[in-house]
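Residue numbers (the working numbering), protein chains in the order written: chain A, 581 to 1049; chain S, 505 to 764.
In case anyone wonders, no lab produced these hints; they're calculated from the structure. Don't be surprised by glycine CBs; every beta carbon is placed ideally from N, CA and C. Among these hints, one or two may not hold up.
Simulated pairs of lysine to any residue, SDA-like, Cα-Cα distance not exceeding 25 Å [stated by the list, open to error]:
hint	chain 1	residue 1	chain 2	residue 2
1	S	K622	A	K1001
2	S	K642	S	K583
3	S	K624	A	K1001
4	S	K583	A	E984
5	A	K1001	S	R654
6	S	K583	A	A972
7	S	K528	A	Q970
Restraint ranges, calculated between C-beta atoms of paired labels, are given here [as the list claims (entries may be wrong)]:
hint	chain 1	residue 1	chain 2	residue 2	range
8	S	E639	A	G966	53 to 63 Å
9	S	R582	A	K880	32 to 42 Å
10	A	L795	S	E639	31 to 41 Å
11	S	V569	A	E587	48 to 58 Å
12	S	D756	A	N870	54 to 64 Å
13	S	G662	A	G966	22 to 32 Å
14	S	T570	A	G966	24 to 34 Å
15	S	R696	A	K880	53 to 63 Å
16	A	S960	S	D565	14 to 24 Å
17	A	T964	S	D691	56 to 66 Å
Partner residues are not named here, just some residues of chain S that face chain A (Cβ under 10 Å, in silico) [what the hints assert, rightly or not]:
hint	residue
18	S559
19	G563
20	R564
21	E568
22	V569
23	G572
24	L575
25	V586
26	Y600
27	V602
28	G606
29	T648
30	L676
31	I679
What follows is the residue order along each chain.
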Amino acid sequence: MHPVNPELITKERMLDLFTGIQPAIVQNDSPAFSGIRKKAIEAFRQLGFPDTKTESWRHSSLKESFSLNYDYPLSPPENADIQKVFRCNIPHLDTAILGQLNGWYVSKDVPLMELGNGIIMGSLAEARKKYPQIVEKHFTRYANDPESGFTALNTAFAQDGIFIFVPDGVKSPKPVQLINVIHADRNLFLQTRNLILLGKNSRLSIVHCDDSYNLQASFSNIVTEIHLDEHAFLDHYKLQNLNNNSTLVSSVFFQMEAEARLESHFLSLNGGFLRNNIRLLFNGPNGNANIYGLYLMDRKQHIDNYVFIDHASPGCNSNETFKGILDENAGGVFLGHVLVRRDAQKTNAYQSNRNILLTDTARVNSKPFLEIYADDVKCSHGSTTGQLDQDAMFYLRQRGIGEESARMLLMFAFADEIVSKIAILPLRSRIEDMVKKRLQGELQICEQCVLHCSTPEHPVEFHIDLSKI
Amino acid sequence: MRLNDKYTIMLISINNLHASINGKEILKGINLKVNKGEVHAIMGPNGTGKSTLASVIAGRDVFEVTSGEILYKDKDLRKLSVEERAREGIFLGFQYPVEIPGVSITNFMRTAVNELRKYKGQDPLPPGDFLRLMEEKKKLVEITSNLTNRSVNEGFSGGEKKKNEIFQMAMLDPILAILDETDSGLDIDALRIVANGVNKLRTKENAFLVITHYQRLLDYIIPDFVHVLFEGRIVKSGGKELAFELEEKGYDWIKNEQEV
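Looking at chain A on its own, in the form it has when it is part of the complex:
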């Protein structure tokens, strides 16, 4: 038995910390903002941190993560070698890159870019100063988590993060890549806040990566609010590749107005403790959301995907497909909750969670859950957890394919249902590479940003050709 350390991160400690550092973080606050903070810290005082008695956290204990000592950075890191940290190069992937170091927007020269087509992107702190009317109209409006105090805590402490604004009718010509790298020589507790706004009839692709630079422990409580106005389309990728000592609680709140469309992909390749809090509200009719998840966990890693879809408007479609492969002592949780409100007629909702357990000690708790108050709806859910298909293994091996290769083929094919949904082709082939490396046990954490894997200097080679699967 490991000795159980006392919990160093507690509600009381956070409240004390807030009182102590309040002057430093509120100095740029408008009156509206200080009001928001006050409300948020009160909400946190009420909600506190979740424990395993909290319904949606029953199978995910933060005890170990809370027993570490973390520093709480109040200002951007200095002397960081930005060039080295963000030397990101997916071949042929032409993106606008927004870098975040320890949650702070890394401005080369311009903290906020204002493009010719009206798109604004960069630092949220800067946007608060420059465009308070936009930020204050949306900030905290979508981030409502009655289950735990994490989001309220983030709001109370929020300083910086990414801000993206796409005006009505504008279609972003290239994907925007948000790279959040944690790079420190001490344990950090980070509370990044992102706000992404898509105007009516606008279009945007975001690739949002959470990476660690080294093996230092960290605790990230990241909140991202995303608003899709009428007829907006968002193609969204959340890519997580953190070290085994990191804890990430990532809350993403989507609000979709009438006829908005969302494709969202949660790709969790590595991390010590990962919790995706995904909350989506259909605030207008005929919205369409596909949410995909893929997680590949081993050792003592833990992944928890919580997905809450609020069908508050009629005629909306939601589709959740989450798949995971768990090896060694890894643990997984899938909790999908679809709420179809009384007036949300003609709702289509589908939830699916499939898991492969490679060992007897890996475990999964899967609970898709439908709560339906309308009568003219089509809803279904399914969940399977099992071993690799032994009939398929025998079939492949009977054709002369070695046992390890056969396992790889089957695991990759299982994952590929999700990977193949990636619409940005250079990103898809990179993720394919990463999944292959991950399945071969090679990819724990890259030296730098995970997207640097398979560079010309470090080519990745595979024993079997998986390229045409």
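Following the hints, put chain S in place on chain A, whose structure we already have.
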């Protein structure tokens, strides 16, 4: 006959083979010898161990060999893994080919062909040569081109699955091919195509073990020997005329004979 000649002809020799699954004995002393260039048919009622025999030769580990031996090319087959047996030339055409979503037939076959080549010390087949080989073998079983771009067996009809098995056999060019009820579920056209494929692949250097419930397949694939498997043993062996006799008299004939 000199001793060495025996090994150049004899492909597989099964001696007093006993095998069980979950403690239940299925094979109760099988004796069978197959030489190169021969086609043997194994017939018998359902549930007498025909598929078990095929699986045991291929090395499926859910079956436990409790006694007896299988010598293949003079090697103790039990010491080889499933994939090693396959690379040594043993092919099993499945009664129920497995659907593998997400794995394309092209990549599946390229992986299999190249693993086989690696085993033989050959370089991987260049992509162009591989595609030409695919086209050539597809024609053998009259597969239309789009079949090969799909996931292995996924959504295939019964006939397509069986044609795909013979296609794979043609790609891998085995020495001992075991066809486990390849005829079941086939209409007469598909049966003819499958049988034609097999006949074109017959040489002096390979051998076939054709497992079937019905005599019908043997109208198209003419066996050199017919064996009747009943309750885990081969109870009757003969030439191709034995199949006709079975068709005429039915399996009750065997059952009654055994009871007497």
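Verification of the supplied hints:
{"no.": "1", "hint": "S:K622 - A:K1001", "verdict": "34 Å, violated"}
{"no.": "2", "hint": "S:K642 - S:K583", "verdict": "34 Å, violated"}
{"no.": "3", "hint": "S:K624 - A:K1001", "verdict": "38 Å, violated"}
{"no.": "4", "hint": "S:K583 - A:E984", "verdict": "19 Å, holds"}
{"no.": "5", "hint": "A:K1001 - S:R654", "verdict": "17 Å, holds"}
{"no.": "6", "hint": "S:K583 - A:A972", "verdict": "22 Å, holds"}
{"no.": "7", "hint": "S:K528 - A:Q970", "verdict": "21 Å, holds"}
{"no.": "8", "hint": "S:E639 - A:G966: 53 to 63 Å", "verdict": "37 Å, violated"}
{"no.": "9", "hint": "S:R582 - A:K880: 32 to 42 Å", "verdict": "39 Å, holds"}
{"no.": "10", "hint": "A:L795 - S:E639: 31 to 41 Å", "verdict": "51 Å, violated"}
{"no.": "11", "hint": "S:V569 - A:E587: 48 to 58 Å", "verdict": "57 Å, holds"}
{"no.": "12", "hint": "S:D756 - A:N870: 54 to 64 Å", "verdict": "59 Å, holds"}
{"no.": "13", "hint": "S:G662 - A:G966: 22 to 32 Å", "verdict": "26 Å, holds"}
{"no.": "14", "hint": "S:T570 - A:G966: 24 to 34 Å", "verdict": "29 Å, holds"}
{"no.": "15", "hint": "S:R696 - A:K880: 53 to 63 Å", "verdict": "58 Å, holds"}
{"no.": "16", "hint": "A:S960 - S:D565: 14 to 24 Å", "verdict": "37 Å, violated"}
{"no.": "17", "hint": "A:T964 - S:D691: 56 to 66 Å", "verdict": "34 Å, violated"}
{"no.": "18", "hint": "S559", "verdict": "8 Å, holds"}
{"no.": "19", "hint": "G563", "verdict": "8 Å, holds"}
{"no.": "20", "hint": "R564", "verdict": "6 Å, holds"}
{"no.": "21", "hint": "E568", "verdict": "15 Å, violated"}
{"no.": "22", "hint": "V569", "verdict": "16 Å, violated"}
{"no.": "23", "hint": "G572", "verdict": "22 Å, violated"}
{"no.": "24", "hint": "L575", "verdict": "20 Å, violated"}
{"no.": "25", "hint": "V586", "verdict": "4 Å, holds"}
{"no.": "26", "hint": "Y600", "verdict": "8 Å, holds"}
{"no.": "27", "hint": "V602", "verdict": "4 Å, holds"}
{"no.": "28", "hint": "G606", "verdict": "3 Å, holds"}
{"no.": "29", "hint": "T648", "verdict": "19 Å, violated"}
{"no.": "30", "hint": "L676", "verdict": "7 Å, holds"}
{"no.": "31", "hint": "I679", "verdict": "12 Å, violated"}
In this structure, the hints that do not hold are numbers 1, 2, 3, 8, 10, 16, 17, 21, 22, 23, 24, 29, 31, in rising order.
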